[in-house]
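Given the coordinates of chain A, assemble chain B onto it according to the supplied hints.
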Amino acid sequence: MAVESLGSAPRRTRVAPWNDPVIRGWVFQIVVVSLVGLLAWYLVSNTMENLARQKIASGFHYLEREAGFEIGDTMIEYSPASTYARAIWVGILNTLRVAVLGIILATVLGTVIGVGRLSPNWLLSRICEWYVEAFRNVPLLLWLFLFYKLISEAFPGPRQAISMLWNSVFLSNRGVYFPVPMADPIHQWMGLAFLVGIAAAFFINRWAKQRQATTGQPFPIMSTALGVIIGLPFMVWLLGGAPSHMSWPELKGFNFVGGTVIQPEFTALLVGLVLYTSAFVAEIVRSGILALHKGQSEAAAALGLSRGQSMRLVLLPQALRVIVPPMTSQYLNITKNSSLAIAIGYPDLVASVNVTINQTGQAIENILIIMAAYLSVSLSISAFMNWYNKRIALRER
Amino acid sequence: MQARLIAAAVGLAAVVLGATGPAQAGKDLDAVKARGMVNCGVGTGTAGYMIADSQGKWRGLSVDVCRAVSAAIFGDSEKVRYIPLTSQQRFTALQSGEVDMTMGNATYTLTRDTALGFDFTGVYYYDGQGFLVPKKLGVKSAKELNGATICVAPGTTTELNLADYFRTNKMTFKPVVIEKVDEIRAAFFSGRCDVYTTDASSLAATRAANVPPPQTIDDYMILPEIISKEPLGPVVRHGDNQFADIVRWALYAMIEAEEYGITSKNVDEMLKSENPSIKRILGVTPGMGKALGVDEKWVYNIVKQVGNYGESFDRNVGMGSPLKIARGQNALWTQGGLQYAPPIR
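Listed in order, the protein sequences are those of chains A and B.
The opening residue of the first sequence carries number 713 in the working numbering; numbering runs sequentially from there.
The opening residue of the second sequence carries number 7 in the working numbering; numbering runs sequentially from there.
Next up, chain A with everything else stripped away, as it sits in the complex (with noise of 0.2 Å):
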């Protein structure tokens, strides 16, 4: 009996097909499928005969004509005679300039502070304790505002501008002009060398590691790396014959000409995002130790490691678990409050976009680029997060 019954298919009561919970099951997503459907439908249908009544211009075609608008600020060669396309590729290239830096920024200085708060030092303690209470607390923008005012008032203009360094580096309301070396084929040589040097880093730091675990002999892997990453480059400048041809800026009419240029839109939006960004990711550091359990930096001090060691090789790798999954939303936030840019006049992808907008009449189109762009930006942060999430995730055995 028993062995029969456990080779049969289980039996099926038999039900109306409309108490059948699979067939309902299917029924209820094909009737929301297509009722999502519709509506994407109608509002795209409405939209178009919307726009047609109204004889708007609608379509993409509009990117491959010319700009016609000059940008202050471009990372890649950009005139007016280009094209929309390449108007809206240098603002979010510059969008992505200042996403990536303030990341960066904001995380070292983040986790410094928020380490910083977690200091028995009663004084550093306290004065983390300002910097971030005083930087949450006011919206952003005003400290965009803020700073973009210091720089354009408290700066002289480019005739007074202070210099430093010799006549090197000049300070003024059009912003830091400093020297940079002549366009040279040697530079892409040298960044293939820096790329080498990274991935040489990579290796000799596993390599070290696994030493360590085997033998228990440390390795200095921070210098090393170092040495290498700046070292590999520098041999290859020497050896193409060490090309040292600068581009100096000088006063040439209104402004400085010759050597490059950090302008004041783009200074005055980084260090507001970086310095409001930071205060939240002190926060979301000093939460994610105060996590680990007290017994973890006792069981580092009991080892005799020194309070930076038992910081950097116990509590941080643990505290990351805690922490990285609120900083994916602080690194998105950065992306998008970069928009802000708008306001201080930083050339981003929301100015190119919106100028564009006004000159084409095309608000549709080219909003749907602006959410492309940072949704595919905003994803790929996320993706990479959560893969590195995963990685450093605990792993139990």
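A portion of the hints provided could be inaccurate.
Distance windows between CB atoms, simulated [said to hold, decoys possible]: (1) A:V892 <-> B:D224: 50 to 56 Å; (2) B:P219 <-> A:L862: 17 to 23 Å; (3) A:E789 <-> B:K142: 33 to 39 Å; (4) A:S959 <-> B:E231: 28 to 34 Å; (5) B:E231 <-> A:S1088: 40 to 46 Å; (6) A:S1088 <-> B:A332: 41 to 47 Å; (7) A:S757 <-> B:D59: 20 to 26 Å.
Every beta carbon over 10 Å from chain B, so not counted as near; a handful from chain A, in silico [unchecked claim]: (8) Q741; (9) G749; (10) R798; (11) T972; (12) E995; (13) A1013; (14) S1022; (15) S1090; (16) F1096.
No wet-lab data here; the hints were simulated from the structure.
Note that the coordinates shown come from a computational prediction; the quantities given were computed from them, not determined experimentally.
Virtual Cβ for every residue (Gly too), placed ideally from N, Cα, C.
Leaving out everything else, chain B in the frame of chain A:
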């Protein structure tokens, strides 16, 4: 971004969701009448053209055109809700129906008249783009501006003309582009830019009203070059021709009244005039109001409450104002200017 994209987002929502588009014939006028108010988009503040005074009342030459439209439709020039819009918000706000018309110093161009889905109904101010510089810069001509840093508003014809002018003259410049006009002026007066460029009328207004002390109006000068044509016109959406007609003829009525010497002071006596043109204009001989779909006394109401074009010009930007702008191209055609209204008959 949040605040400034809201206008665009609301606008988009209206275009995307609106079951009946706002573009059927008569729709805009019906909506205005049902609301009892004209929603008029204006700039965020240019002395003499559109600026809220200390009591919060909007005044200026551009504002007077909104008032004339209101007077024509309602017989009362104060039935206007003013909606301040930046140069970037104004067109989306109009496309989406957030405002019925804009008087935001928009230049009449082919693209705007066609691909953006708008109609310009006339020219209330013939303007041109100029350059404002501090005198201590020592520049006498726009041709000397090679390498300058220039403050400019985004999404304007100004921004495009600027790029064109420098390309034509093989010069380079660095733009500083800020949306809010107050912020641009602040950046210019703090020395962030060497030059501020926009329409010469606005430059005159900025120079007269916005120089921060201890600097004075004499520390700044407008360069002689005018690098573009900037005919500024009232803008309405495509689709409601009757509303467009009213906006068009409200402005023409102000110009026509000046030509026939009808002013806010003498309009009551003019009602007794024997001149058949004046009788037609003021509705003593009926017909014009009916043709336009408004009250027969529409011109009377406009002139009585707002004044004719010349009165409005003098009061707001001309010799009766701090700006002291000469009539120049904006004089009537009979006096060597360009202001010319088709006959009201």
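Here is what the structure says about each hint:
A beta carbon spacing of about 41 Å between A:V892 and B:D224 contradicts the range 50 to 56 Å that was offered as a hint. Between B:P219 and A:L862 the CB atoms are about 21 Å apart, so this pair conforms to the stated range of 17 to 23 Å. Here the CB-CB span from A:E789 to B:K142 is close to 34 Å, well matched to the stated 33 to 39 Å. A C-beta distance of roughly 32 Å is found between A:S959 and B:E231, which places it inside the suggested range of 28 to 34 Å.
Look at B:E231 against A:S1088: about 45 Å separates their beta carbons, and that is inside 40 to 46 Å. In this structure the supplied range 41 to 47 Å is violated for A:S1088 paired with B:A332, their Cβ-Cβ distance being about 54 Å. Take A:S757 and B:D59: their Cβ atoms lie about 47 Å apart, and the range 20 to 26 Å is violated. Listed as outside the interface, A:Q741 is consistent with that label: its C-beta sits roughly 26 Å from the nearest C-beta of chain B, beyond the 10 Å cut-off.
For A:G749, the requirement that its beta carbon stay farther than 10 Å from each beta carbon of chain B is met, with the minimum near 16 Å. At the 10 Å boundary, the C-beta of A:R798 stays outside the reach of chain B, the nearest C-beta of that chain being 14 Å off. Against the 10 Å criterion, A:T972 stays outside the reach of chain B, whose nearest CB is about 13 Å from its own CB. With a least beta-carbon separation of about 23 Å from chain B, A:E995 lies farther than 10 Å from that chain, consistent with its non-interface assignment.
Listed as a non-interface residue, A:A1013 keeps its Cβ farther than 10 Å from every Cβ of chain B; the least gap is roughly 48 Å. Separation of A:S1022 from chain B is adequate, the least Cβ-Cβ distance of about 43 Å exceeding the 10 Å criterion. Once the 10 Å rule is applied to beta carbons, A:S1090 is consistent with being away from chain B; the minimum gap is 14 Å. Chain B leaves A:F1096 outside its interface by the beta-carbon criterion, the shortest separation being 24 Å against a cut-off of 10 Å.
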